[in-house]
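Number of protein chains: 4
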Amino acid sequence: MDKIERRAQILARARDVFAKRGYHAAKIEDIVAAAKVARGTFYLYFEDKRGVFVELVDRFLARLHLAIMRIDPRDPSRTVAAQIRENIVRVLTLFLQDRAMTKILLTDAPGLDADFDRKLRAVYEEVLNLLAGSFTEGQGLGIVAAGDTRVFAYLTVGAIKELLYQSVMLGFDEGSAERLTSEVFSFLCRGCLRIPDES
Amino acid sequence: MDKIERRAQILARARDVFAKRGYHAAKIEDIVAAAKVARGTFYLYFEDKRGVFVELVDRFLARLHLAIMRIDPRDPSRTVAAQIRENIVRVLTLFLQDRAMTKILLTDAPGLDADFDRKLRAVYEEVLNLLAGSFTEGQGLGIVAAGDTRVFAYLTVGAIKELLYQSVMLGFDEGSAERLTSEVFSFLCRGCLRIPDES
Amino acid sequence: MDKIERRAQILARARDVFAKRGYHAAKIEDIVAAAKVARGTFYLYFEDKRGVFVELVDRFLARLHLAIMRIDPRDPSRTVAAQIRENIVRVLTLFLQDRAMTKILLTDAPGLDADFDRKLRAVYEEVLNLLAGSFTEGQGLGIVAAGDTRVFAYLTVGAIKELLYQSVMLGFDEGSAERLTSEVFSFLCRGCLRIPDES
Amino acid sequence: MDKIERRAQILARARDVFAKRGYHAAKIEDIVAAAKVARGTFYLYFEDKRGVFVELVDRFLARLHLAIMRIDPRDPSRTVAAQIRENIVRVLTLFLQDRAMTKILLTDAPGLDADFDRKLRAVYEEVLNLLAGSFTEGQGLGIVAAGDTRVFAYLTVGAIKELLYQSVMLGFDEGSAERLTSEVFSFLCRGCLRIPDES
DNA sequence: GATGAATGAGCATTCATTCAT
DNA sequence: GATGAATGAATGCTCATTCAT
Chain A
1 MDKIERRAQI LARARDVFAK RGYHAAKIED IVAAAKVARG TFYLYFEDKR
51 GVFVELVDRF LARLHLAIMR IDPRDPSRTV AAQIRENIVR VLTLFLQDRA
101 MTKILLTDAP GLDADFDRKL RAVYEEVLNL LAGSFTEGQG LGIVAAGDTR
151 VFAYLTVGAI KELLYQSVML GFDEGSAERL TSEVFSFLCR GCLRIPDES
Chain B
1 MDKIERRAQI LARARDVFAK RGYHAAKIED IVAAAKVARG TFYLYFEDKR
51 GVFVELVDRF LARLHLAIMR IDPRDPSRTV AAQIRENIVR VLTLFLQDRA
101 MTKILLTDAP GLDADFDRKL RAVYEEVLNL LAGSFTEGQG LGIVAAGDTR
151 VFAYLTVGAI KELLYQSVML GFDEGSAERL TSEVFSFLCR GCLRIPDES
Chain C
1 MDKIERRAQI LARARDVFAK RGYHAAKIED IVAAAKVARG TFYLYFEDKR
51 GVFVELVDRF LARLHLAIMR IDPRDPSRTV AAQIRENIVR VLTLFLQDRA
101 MTKILLTDAP GLDADFDRKL RAVYEEVLNL LAGSFTEGQG LGIVAAGDTR
151 VFAYLTVGAI KELLYQSVML GFDEGSAERL TSEVFSFLCR GCLRIPDES
Chain D
1 MDKIERRAQI LARARDVFAK RGYHAAKIED IVAAAKVARG TFYLYFEDKR
51 GVFVELVDRF LARLHLAIMR IDPRDPSRTV AAQIRENIVR VLTLFLQDRA
101 MTKILLTDAP GLDADFDRKL RAVYEEVLNL LAGSFTEGQG LGIVAAGDTR
151 VFAYLTVGAI KELLYQSVML GFDEGSAERL TSEVFSFLCR GCLRIPDES
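Heads up: the sequence lines are chains A, B, C and D, in that order. Residue 1 is where the first sequence starts when you use the working numbering, and the numbers rise one by one after that. Residue 1 is where the second sequence starts when you use the working numbering, and the numbers rise one by one after that. Residue 1 is where the third sequence starts when you use the working numbering, and the numbers rise one by one after that. Residue 1 is where the fourth sequence starts when you use the working numbering, and the numbers rise one by one after that.
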C-alpha cells in the first residue's frame, strides 16, 4: 500500500469515526484502530487530530463548491428552472452519497474552534452571497419574489440543510435525490401554505 | 443572595460560557470564574458539567414548548394565518431574546452524547409531528399544498432554524422578530421563486 | 439536649458510621446525618474527623485497660487460673458488647497515620509487656511453658484478636463470652494438637 | 526494558509505596515517582489505583495458596507433625520474605471496599475451612483436641497472623522462620500455660 | 517509513473544613 | 450555640502527541 493509499485509508476511516462518535468523542485510538495503522503512523500523515478533521471538511467543501454552478439566465439550452433544479439535485446527491461527511459537516464542523469557525463561515458566506446575488439578479428578471434576498438565501439553505440532515439521520437512500429535489423546488416556488399572504 | 438566586446566577453564567466557548471548550474553571463562586459551590448546585448544560437546554425547550400553540382552524376570533404568524413570532422572539441559548441549542446540544441526543430528537420529533400533523390537517382544509407533509415540516423548521442562527450570529436585535416573521410567512405561503413549477 | 449529651450522640453515631463504612469511606456528611446535627456543629464538638476517631479509640482503649488486671499469684482468694479466666472473660465481654468499636479497633485504627500508629503501638506494647512479663513471672512459678515469652504474648493476643474479629463479623452474641473463654483458656493450656512435640 | 519488566517494576514500586503509606495515603504521584515512569505510563499497565492494589494482593494470595498443602495422615514418608511444621515454615517464610506484602495484606487489604472484602473473606474462608476440616479429621484420628474446630482454626490463624505482623513490623529477618515455626508448633501442641485446665 | 510505548499537561470532581448569619 | 452554604486544595484519570527502536 503506497503513501497515497495509506493516507486515503486513514482519511476515510477517520471520517467514519468522526461521523459515528462526533469530533470530541472520537479518539485517535479509534481512528488508528479503524484504519489498522499504528498511532505514530497517523502523525506521519497528519499534523494532528484537528488536521484530519479540517482536511475532511475542506475536501468536502471543495466538492460542494463544484456542485454549485452559477445560474445563467441567458443560457439558450437550459431554462433557469432547469439550472436551479440541476443545482439542487447535484447538492443533494453529493450529500446523500456521503452520509458520514453530511453528518460531520452539519453537526461537528461548526463549533470546532474559533479559527475553523471563521473559515467555515467564509465558505458559507460565499455560498450565501452567490445565492443571495442570484436572487437579487432574479428579482431584476422578475423570477424572484420581492423581499430581502439575504433572508431568502438563509431560508433556502436552512430548508435544504435540515432536509439533508434528516434524510441522512433517518437513512434515506441516495436515489431520493430526484424526489427530494422536486419537493424542494416546489417549496421554493410556491411555499407550502395556501393562505392569502397579506403582508 | 439566597439559594434560588445563586443557582440562577450560576446557570446564567454557565449559559454564557457555553455559548461563547462551546460545551467542550467550556471549563468548570471558566464557569465558576464567571459566576464568581468557588469550584465546590458549583457542585453544590449541579450534579456535574453535563448537568448544568442539560438543565439549560431543558428549560429552554420547555419555554419553546409553551411558545408553540396548536392551530385551531375553527377559532372564530383568529384566522389560521394569524395563528401561524403568532406562532412564528413567539418562537422567533423567544430565540432572539436569548442569543446564548439559541447558539447553545443549535450548535452544542446535538452531539453532547447518545443519551441526550435521544432526548433531543424526541422533543424535536414532537415539534415535527405537530407541524406535519397540522400540515396534513391543513391539506384537508385546502390551506396546505399537496405533498409530503413531513418534508414540508423539515423544510419549514430548517428554514427558521437557519434564519435564527444567522440572526443571532450576526447580531440582529430582537425587534426584528416582526419583520422576520413576515419574511418567513411569505416564504411559507409563496416560496421565493416566481418560476412556473411544472413538477 | 445539653452539651454532654450532644457530644455523646455525635460520638456514638460517628462510631457506627466508622464501623459500617471504615474510616476513609466514612464522610463527615454521613456522620452529621446519622447524628442529626448540622455540619458545623460537628466541628464545635470535635477538632476534625481524625479527632472523633481518635477519641473513640482512646476511650475504648481506656476501658480495655481497666478490663485487664495484673495476675497476683499470691492472692489467696483466687487461683491464677481463675484470675486468667476472669481477664479473658472481661476482655471478650468488653469487645463483644461493642461490636462497632471492635471492628474499628481491629481494622481501621492501625493504618490511620504514622502518629496514631505510634500511639497505638505504645498501648499495644504495654499490653504485650504486661502479658509477656506475666508469662516470664509465670515461668519462674512453673506455670508457664519454657520459651520466648514475647512470642507467647504475640500468639496469645493474636489468637484472641482473631477470635473476636470473627465473632463480631459473624455475629456471635455477647453471651458467648463464657464459652469462648473456655475455648481460649483450654487453647492456652493445652494447645489444640495432640501430637508429641519433639522440638 | 520490555513490557513485562516495566510492569513488574511498577508493581514492585507500588507495593513499596502501599506498604509504606497505606492504600489511602499512597498517591498515584508517589507510585509513578517511585517507579520512575510518567503518570500516563501507570495507566498503560493498570486499570487504576485499585487495580494495582488488587493485583498485588491476588498474586500474593496465590503464592500463599501454593504454600499451604493438605496434610495427608497416610503419607508413609512424613509424619503428620512434620507436614504441619512444613506448612507453617512455608507460610512464615513466604510472609517474612515479603515484608511489604505482609503489611499490605494484614492492614490495607481488609477495608478496601465491599467487593474486595468479599473476595478476601472467600479466600480466608477457604483457608479456615481447610484448617478446620483438617482439625475435624484429626479429631477422628485422635491427634486433635476435642472442641470447636472452627474456633481452633481462628485461634491458630490469629496467632500466626499476629506473630507475622509483629515480626515484620519489628524487623525479624527471614531466617527466623525456623525458630518461629518451633514456637508456633509448640504453642499449637501444648499451649503456653502449665495450669490444670478444669473446663 | 512504521511502530506503539511513553509522556505529562490538563481537567472534572470530591470532601474536610470554615464562617457569615 | 447551631446552622449549612461556601470554599478550594488535593487527586485520580484521560488522551493527544512524541520519539526511540
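Treat the hints as calculated values from the structure; they're not laboratory data. Be careful, since some hints might not be right.
Since copy identity is lost for identical chains, a pair holds within one copy or between any two.
[To be verified] Below, a list of computed lysine-lysine pairs in the BS3-like style, where the Cα atoms sit at most 30 Å apart:
(1) Lys36 / Lys161
(2) Lys161 / Lys3
(3) Lys3 / Lys20
(4) Lys36 / Lys20
(5) Lys119 / Lys3
(6) Lys3 / Lys27
(7) Lys161 / Lys20
(8) Lys49 / Lys20
Against the structure, the hints come out as follows:
no.: 1; hint: Lys36 / Lys161; verdict: neither (33 Å within a copy, 40 Å between copies)
no.: 2; hint: Lys161 / Lys3; verdict: neither (35 Å within a copy, 43 Å between copies)
no.: 3; hint: Lys3 / Lys20; verdict: within (26 Å within a copy, 33 Å between copies)
no.: 4; hint: Lys36 / Lys20; verdict: within (17 Å within a copy, 37 Å between copies)
no.: 5; hint: Lys119 / Lys3; verdict: within (28 Å within a copy, 43 Å between copies)
no.: 6; hint: Lys3 / Lys27; verdict: both (23 Å within a copy, 24 Å between copies)
no.: 7; hint: Lys161 / Lys20; verdict: both (19 Å within a copy, 24 Å between copies)
no.: 8; hint: Lys49 / Lys20; verdict: both (16 Å within a copy, 22 Å between copies)
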